[in-house]
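Trainee: Residue-level listing of the chains:
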Amino acid sequence: MPRKQKKYRLKFPGQSDNLEIIRDTVSRIAEKAGFDEDNINMIELAVDEACANVVKHAFQGGGNKPIDLEIIVDEKKFTIVVSDRGTGFDVNKLKRPDMKEYLSKKRVGGLGIHIIHTLMDEVQFESVPGKGTHVRMSKFIKNEKKSTVKT
Amino acid sequence: MPRKQKKYRLKFPGQSDNLEIIRDTVSRIAEKAGFDEDNINMIELAVDEACANVVKHAFQGGGNKPIDLEIIVDEKKFTIVVSDRGTGFDVNKLKRPDMKEYLSKKRVGGLGIHIIHTLMDEVQFESVPGKGTHVRMSKFIKNEKKSTVKT
Amino acid sequence: MEGFEVTHRDDSGIAVLQLKGFLDAHTAPTLESALQNCIDEQKFKIIVNFEDLTYISSAGLGVFMGFIEEVREKSGDIKLSNMSAKIFRVFDLLGFPALYDILDKEEEAKSSFNKQ
Amino acid sequence: MEGFEVTHRDDSGIAVLQLKGFLDAHTAPTLESALQNCIDEQKFKIIVNFEDLTYISSAGLGVFMGFIEEVREKSGDIKLSNMSAKIFRVFDLLGFPALYDILDKEEEAKSSFNKQ
Ligand SMILES: Nc1ncnc2c1ncn2[C@@H]1O[C@H](COP(=O)(O)OP(=O)(O)O)[C@@H](O)[C@H]1O
Ligand SMILES: Nc1ncnc2c1ncn2[C@@H]1O[C@H](COP(=O)(O)OP(=O)(O)O)[C@@H](O)[C@H]1O
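These protein sequences, in sequence, are chains A, B, C and D.
Residues 1 to 151 (my numbering) are what the first sequence spells out, left to right.
Residues 1 to 151 (my numbering) are what the second sequence spells out, left to right.
Residues 1 to 116 (my numbering) are what the third sequence spells out, left to right.
Residues 1 to 116 (my numbering) are what the fourth sequence spells out, left to right.
Everything labelled a hint here was simulated from the structure, so no lab data went into it.
Keep in mind it's a predicted model, so treat the numbers as computed, not measured.
Keep in mind that a hint or two might mislead.
For the chain D half of the interface with chain B, some residues (derived, Cβ under 10 Å), not all of them [stated by the list, open to error]: (1) G3; (2) E5; (3) V6; (4) F22; (5) A25; (6) S58; (7) L61; (8) L94.
With a straight-line Cα cutoff of 20 Å, these simulated EDC-like cross-link-like pairs (lysine to aspartate or glutamate) come out [to be verified]: (9) K65(A) x E70(B); (10) K56(B) x E32(D); (11) K65(B) x D74(A); (12) K65(B) x E70(A).
Cβ atoms here follow ideal geometry from the backbone N, Cα and C, with glycine treated the same way.
Use the sequences and the hints to build the structure in full.
Mentor: Okay, structure coming up:
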């Protein structure tokens, strides 16, 4: 484990009214890690999509279980793991949607995971039906990293 | 356990540059719980004092251990528990400072715990030297509670 | 907290929805009812003005997908205007500019309706 | 992030420190060195203008306690001005108005120095 690794953990009730605070807090941590505004926006959206899926699919909109976020920052990578102990699903049946087909059929939904894959550098889904899901996504920290504290 | 209880958890590296994000995130949660601006400011300051003590005393400014915040919100009470696995201290030796004497001696420091006691409705310190400290503080939620979501 | 607000205006027969705040899975239902209202009132020429919108996620995009077909069948359209670069980037990411008329200014959206 | 900034001005022999942002355990050392600089330069008449300060904790208050005695021994003072109600409440909570000269406006702090 590299010595400069920093870990953050957020656990919020799995309800959609918490998505805003989760986005804002993760954005702040990404800003501290040195990302520029564009990259912060991408991380914010990817995390929101993963958390919205927890509320909508894993907990099916109800219940009082937590969304659990772990954020690991080292010199090279900013990683967020979004975990739930909800319904789980069969990851092998996940197809990245064909956007042409998607748009022509004017389907509603099915965009979240596509967004996550597009915005993040590394993405990994682990899910056990009946047990829950872990979504691990990372963004590489390039040379853009500046001094992290503005005092 | 009342059904409407909500739990939040934040775990941040125990360094002073995280105090700002901790304050902002706790303030947002307090706002959602229905507190007005004055009460949010009091909660923000009390939490900051407890967390600053973790960085300064429990971890003596160094190390890579986490500050652990648990926030429990029910209809009546907003409770924050700030925990560390740092030095700990002898709670029985804590005296609430005599502010007259304090000011006349122009002493530096020793104000944090006084502030926490003054701003919060219930405060409890539990500490084991060599093991760590839990500071539990609550504010009652009065009739000021309004609708929590502004959509 | 910033929240989300939809303001409904009528501009000579065109329904204009002005969005404010953030549009995510929590606030998307508010936009959904606003669009449903337009349709219930038989208003099929709709402009959505994004000027004061600060954030959008796929839950927000999905709302438009849910209405576009019906509106176009009734010879109407949903035209989108005044997006910030940040908001446009999300639409662009998913190829929405191929499906929706996205215009710089509300005025342009209005005149493109009137030309039809 | 908002950060913390101290701007040092000289107003006819009085050192004015203008604070901006938040003053907590993380940023207090920055104010400490600014005050230490004043003392190193033998400037003992000091006004701290809080106009743009949005937050203060005990770590910030403590900084003033660390210098006030020395400054007064040299016939100077640290006068505080332009606090918002939020910031004043924290000073008031701890009885600081009994120990420090807290004035509404920087001008008043300046003229109270000049009267001495
Ligand atoms: N955390 C989760 N728990 C259970 N199912 C999930 C989770 N995340 C994603 N899924 C499944 O993956 C599918 C695709 O998700 P997504 O691309 O976000 O589109 P949508 O949410 O619109 O269906 C969902 O319909 C759901 O079946
Ligand atoms: N989390 C903690 N771990 C260890 N010691 C603590 C902790 N919190 C408070 N203390 C002890 O309580 C004392 C009083 O704290 P406080 O009133 O905040 O004043 P100050 O921080 O200026 O000393 C500290 O000096 C320290 O010895």
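Trainee: With reference to the structure, classify each hint as holding or not holding.
Mentor: To see whether the hints hold, each was checked on the structure:
1. Evaluation of the G3(D) hint against chain B yields a held restraint, the C-beta minimum of about 9 Å falling below 10 Å.
2. Evaluation of the E5(D) hint against chain B yields a violated restraint, the C-beta minimum of about 14 Å exceeding 10 Å.
3. The beta carbon of V6(D) is not positioned within 10 Å of any beta carbon in chain B (closest approach about 17 Å), and the interface hint is therefore violated.
4. Below 10 Å, beta-carbon pairs count as interface contacts, and F22(D) has one with chain B at about 7 Å; its hint therefore holds.
5. Given hint, A25(D) at the interface with chain B, holds; its Cβ is 4 Å from that chain's nearest Cβ, closer than 10 Å.
6. With a cut of 10 Å, the hint placing S58(D) at the interface with chain B holds, because the nearest CB-to-CB distance is about 4 Å.
7. Here the hint on L61(D) is kept, as its CB sits about 6 Å from the closest CB of chain B, short of 10 Å.
8. About 6 Å separates the beta-carbon of L94(D) from the nearest beta-carbon of chain B, less than 10 Å, and the hint is met.
9. The straight-line distance between the Cα atoms of K65(A) and E70(B) is roughly 15 Å, inside the 20 Å bound, and the hint therefore holds.
10. Distance hint between K56(B) and E32(D) is fulfilled; the C-alpha atoms sit about 17 Å from each other, no more than 20 Å.
11. Proximity of K65(B) to D74(A) is assessed by CA-CA distance (about 16 Å); at most 20 Å being required, the pair is judged to hold.
12. The straight-line distance between the Cα atoms of K65(B) and E70(A) is roughly 15 Å, inside the 20 Å bound, and the hint therefore holds.
Violated hints for the displayed structure, listed by number in ascending order: 2 and 3.
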